[in-house]
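Protein sequence lines correspond, in order, to chains G and U. Going by my numbering, the first residue of the first sequence is number -1, and it counts up by one from there. Going by my numbering, the first residue of the second sequence is number 4, and it counts up by one from there.
Some clues are possibly wrong.
Said to hold, decoys possible - Here are the simulated PhoX-like cross-link-like pairs (lysine-lysine), alpha carbons at most 25 Å apart as the crow flies:
{"id": "1", "chain 1": "U", "residue 1": "LYS289", "chain 2": "G", "residue 2": "LYS420"}
{"id": "2", "chain 1": "G", "residue 1": "LYS420", "chain 2": "U", "residue 2": "LYS295"}
{"id": "3", "chain 1": "U", "residue 1": "LYS285", "chain 2": "G", "residue 2": "LYS459"}
{"id": "4", "chain 1": "U", "residue 1": "LYS245", "chain 2": "G", "residue 2": "LYS420"}
{"id": "5", "chain 1": "G", "residue 1": "LYS140", "chain 2": "G", "residue 2": "LYS122"}
{"id": "6", "chain 1": "U", "residue 1": "LYS279", "chain 2": "U", "residue 2": "LYS289"}
{"id": "7", "chain 1": "G", "residue 1": "LYS122", "chain 2": "G", "residue 2": "LYS463"}
{"id": "8", "chain 1": "G", "residue 1": "LYS459", "chain 2": "U", "residue 2": "LYS245"}
{"id": "9", "chain 1": "U", "residue 1": "LYS285", "chain 2": "G", "residue 2": "LYS420"}
{"id": "10", "chain 1": "G", "residue 1": "LYS370", "chain 2": "U", "residue 2": "LYS279"}
{"id": "11", "chain 1": "U", "residue 1": "LYS393", "chain 2": "U", "residue 2": "LYS295"}
{"id": "12", "chain 1": "U", "residue 1": "LYS245", "chain 2": "G", "residue 2": "LYS370"}
The hints are simulated quantities; they were obtained by calculation from the structure and are not laboratory data.
One-letter residues, chain by chain:
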Amino acid sequence: MMNDNPLSEHPLKVNRRHFFSQLSVGIGSLALGSLLIPDLFTRSGPTQVSPAPGLPHFAPRAKRIIYLFQAGAPSQLETFDYKPTLLQRMGEDLPESVRQGQRLTGMTSEQERFPLMPAAVGFKQYGESGAWVSDYFPYLSKIVDDLCFVKSMHTEAINHDPAITFFQTGSQISGRPSMGSWMSYGLGNENKNLPSFVVLTSRGKGNSQGLYSKLWSSGFLDSKHQGVLLRSGHNPVLYLNNPDGVSRSDKRHMLDHVATLNELHQNATGDDEIESRIAQYEMAYRMQMSVPEVMDVTKEPEHIVKLYGEDCQVPGTYAANALQARRLAENGVRFIQLYHQGWDQHGNLPDEMAGQARDVDQASAALIIDLKQRGLLEDTLVIWGGEFGRTNYCQGNFDPKNYGRDHHPRAFSIWMAGGGVKPGITYGRTDEFGYNIEENPVHINDFHATLMYAMGLDHEKLTYKYQGRRFRLTDVAGNVIDDLLA
Amino acid sequence: MLGLSVFLGFCLLFESYLVVPEWVVWIGRWHPVLVHFPIVLLLGVIFLGFTRRNFPVLLFEIAVVSALLTAITGFFLARDVVVKGSLLWWHQYLGAGVALGAAFWYGFRREMQQRTYLQWGIQVILLALILAAGHYGGMTTHGEDFLAFPGEKAKRELPENPLIYQDVVQVILDDHCVKCHNPSKQKGELLLTSLDGLRTGGENGPVIVPGDMERSEIIRRLHLPLADEAHMPPQGERPLDKSQIRMIERWVALGAPDTLRMNDLPIQEPLLGLLKELREPKREDKWAGLPKVADSTIENLGNDYTTIRRISGNSEALSVNIYLPPTYDSTTVTSLRALSGNIVELDLSGLPIGRTELEWVGNCPNMEWLEIDRTPVADSTFRPLANLLKLEVLKIYETGLGDASLPILMGMGGLRHVYLYGTQFSGRALDIFRQQRPEVTLHTGIDPENLPFPDHDAEGPIVGEKDSLAGQGSLARVPAGKKKEDL
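Take the sequences, apply the hints, and build the full model.
Spelled out as C-alpha cells, the structure:
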C-alpha cells in the first residue's frame, strides 16, 4: 500500500495487517470447508434475496406482521383501560403519592392543578373474555375474543418524535434500522416480487404529528431492507412506471446494460451497496407487474367493501389501507406498517377521539375478520397501538365536555391478534388511576423481543456489526413475554 | 496396616462421639479419587486367587492399604453430610467391610492357604462386598435410578386434567432435584420428595413462600447465574429449562396448592399455555426424521417466483411459496420433485394448477399446511391429496370443490382447520363432516348476506372532507401554528 489513506484502503476492506492475520485462518477454513461440504467449490449460486443460514432461529408462529400504528398516541383511558375511580374522584387533584414527582412535558408542567378526568364515554365488557372496550369502538367490541390486550406497555420517551422513533427502531435517537427492516434482514422476502417491508399512511382529522421516512429507514442495514412507502392513487410507488415512450423490453435492455456497468464498478470498489442497487432495479422491474395487481382493489366483492366500510374505496383512508394490508399479507409481504395520524388530543378530546375512532374502528375489526376467514390470522400478527399513553388528569381547563390529555409514557394499552399470541386475554394491569403499572409491565424492548420471537427470531442473536459493535433491535435489553404467546 | 485397621474400626465404633477438624474433611474429599484403586487392585488379587496363581505380596499389600485409606477418607467425607441417609449408611459399612475384610484376609493369608474353602469363602465375600459397596456409592453420587433401564424411567404421561403439584411440579423436582434432596441423601437437610418437604424447607429455612414467588428461596436459586455456587441444580447437573422454572413460579404464585387441577385455572393463567406445550411435542422434534436437503439444492430450485425456505434454520422442513410467474406451466411446481419429502408448507394460491401438479402434491407425505385456494382445483383432480395424512391446515376457499371431495377430506386424519368459503359444499355435507370430525374447524367465512356488523352506522359516510384524507401517502407535516414543545 502506497499510502495509509483509509479511504483508499476501504474498497479493499482489508489492510496489510488484516491480510496476514486472516490469511492463515482463511486457508485453513477453505480446506476444512471443502472437506465438510463437498460441493463448496463446484458452483457459485446467484445472489438470492435469502436470509443467512441458520435463520429463522426456530419455527415461527407468525410469518408476517401488520402493524396498525396509531400515530399521536391514543388515550388508553378512552379506549381499553377502564378506570371507574376517575369518575368517582373526578375533578380531584391527582394524588402526589401516585405521580411521585415524575416528569411532565412542557405543556402541563406549568399547570397549577392536575384534576382527574374520566372518559367522556362509557365502557362495557364484551365477549367471553369480558374485555373492556369504550363506546367509541362498537366494531372492535365485537371481536374482542380474537384480541390480546396489553394494558401495561411503557416507554421512556415523553415526546412524540423520540417515542415513535423508539417504537419503530428500538432507540429514541434516529438512525437505527426500523423493526420492519430488522425482520426483512432476518427473514428475507417471502415474495421476491414485492418489497418485504411496506408502509401505508393515512390521516384523521384529529391533531396530528409528523411522520418521517426515517421511521421506516433501514439505518445501517442493507438498503434493500428499507420500507417502501406505497402512496394512494394511481402511482403507488413513485417513478416505478416506465416513462412515456419506453416499452418494457426497452427497460429490460437498459437494466441489463446498467447492471453490467454496475458490476464493473463493484469490482473496482467492492462496495456491497452496488449489489443491492442491482437487486433493487430488478425488484422494481418485477414490481412494475406485481404492484398494480396487488393494489387493484376493484375486484374485491361488494360484501368485503361493506365489511371494511365504504371508505375503503377512497384511496388514502385508513380503511383503504387496511384492505390493502390484507392484500399485501396475502401476497407475502413480511412487514406491513400502517400509520394513522391524528391521535394527539391535547384538547377537544371527546370530539376528536370520536372522529379518530370512526376512522379506524370498523376497518381494524374488518381486517381481523377478513384475515381470519382466509386462514391468514393463523400466521399473521396484527398490532394496534400508539407511541405512548395519555395523562389521567386534564390538560388546560377542567371541562368534562371538552378536555385534553397530555403525554403519558408510564402506562398505555395496545392490542394484538393472530400470529401466535393468545386470543381473548388481557395482560398487565395499571393502578386504579391508570397512571402506574401494577402488574406485568411490558417495555418497548420486551415488546420487540416478543414480536421477534413470534417471527422465529432470537432477539439476542439477530445482530449486525456496524462501527465496531454489534447492534440489535433490542440493543442490550428486552425479554420475551412468554405469557403473551399461545 | 494393623494400625489403619484399628483406626478405621475405632472411627466406626465411636462415630457419634467424634468431632473432626475441617482439614480432615478436606482429606475426605480425596475419597472419590482413591476409591478406584482398591476396587481394581482387590479385584485383581481376587481374580489371581481364584485362578490359583502366585501373586506378588506387594500387590496384595498395596491393595489392602489403599482399601483402608479409601474407607477412612470416605468416613471423613461422610462427616460433611449432616443427615446420613440410608444409602450412605449402607455404603459406609459395606465399604468398611471391604477394607477390614481385605485386611483380615491379608493377615491370615498363610493360615488360609492350608484351607482352600476358607480362602474361597473370603474371596467370594469380598467380591460381593466390593460390588455392593460400589453400587451404593454409585447411587449416592449419580442418583438411585442411574442404572435403571430407559423403559423404567419412561416419561410419565401428563393426565387429561393434571394436578398442578403432583403431576407437574413434583415431576420436575423428581427429575432434577430429588437425586440429592431425597430421604437417603438430604443435602442441605432439604427433602424435595413431597409437598411437606418443600414447606418445611432445609437448613436455610422454608424454600417456598406460597403466593410470593419473589421471596421463595427455591425460585431465587433457580434464577441465579449458572456459575453462582448457590444456583440449583449445581453446576454439572442438568439445569431446569425456562418453562420448567416458569411452571414452578406460577405454582408458587398461585399459593402452592396441592389440589389445584389444570381445568381450575382461569383462561388468562400462563400455566395453561405451558402445560399445553408440555403435552404437545415441539414442531421441530416432529421434523427430526425428514430427509437431509442441501442448501445448494434449495438455492438451485428457487427463483424469483418460487421461494423455498427452511421453516427453522436448522431443520430439514421446508416452506414453499410459489407466485404466478410471467410464463406458467406445470413444471413450475413439479420441478420441486427433489424436495417432496421435505415440503411441510406449500402455498399454491391463485396458480392455474391442474392434475399433474396435484398428483405431485399428493406425493409430499410430510405436508402439514397446504394452500390451494383460488385455483382451478376440482373434485376430479382433488383425489391424489388423499395421501396427505399429516395435513393440518388446508385452504381451498374460492374453488370449485364440492361434496364429491368430502370423503377425501374425511380421511385426512391430521386435519385441524379447513378454509372453504366460496366452495360448492352443501350445508348438509358440512354438517355430516362436523359430526364425524368434531376436532376439525371448518371456516366457512363471513356470510355476504349477513355481515357480522349490522349497518348501525346511520350517520352516513364517515369522511367529511375527503381532500384532507386523500393523497396523504406522502409525508405529512406538523401543522402550522403547532406548539413547539409538542414534538
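Hint check results:
1. LYS289/U x LYS420/G: holds, 23 Å
2. LYS420/G x LYS295/U: violated, 34 Å
3. LYS285/U x LYS459/G: OK: LYS285/U and LYS459/G at ~21 Å, within 25 Å.
4. LYS245/U x LYS420/G: Cα-Cα ~19 Å, so holds.
5. LYS140/G x LYS122/G: Holds, at about 11 Å.
6. LYS279/U x LYS289/U: holds, 16 Å
7. LYS122/G x LYS463/G: Not satisfied, since the Cα-Cα distance of roughly 49 Å exceeds 25 Å.
8. LYS459/G x LYS245/U: Within the cut-off at roughly 18 Å; holds.
9. LYS285/U x LYS420/G: holds, 18 Å
10. LYS370/G x LYS279/U: holds, 23 Å
11. LYS393/U x LYS295/U: holds, 19 Å
12. LYS245/U x LYS370/G: Judged against 25 Å, a Cα distance of about 32 Å means the pair is violated.
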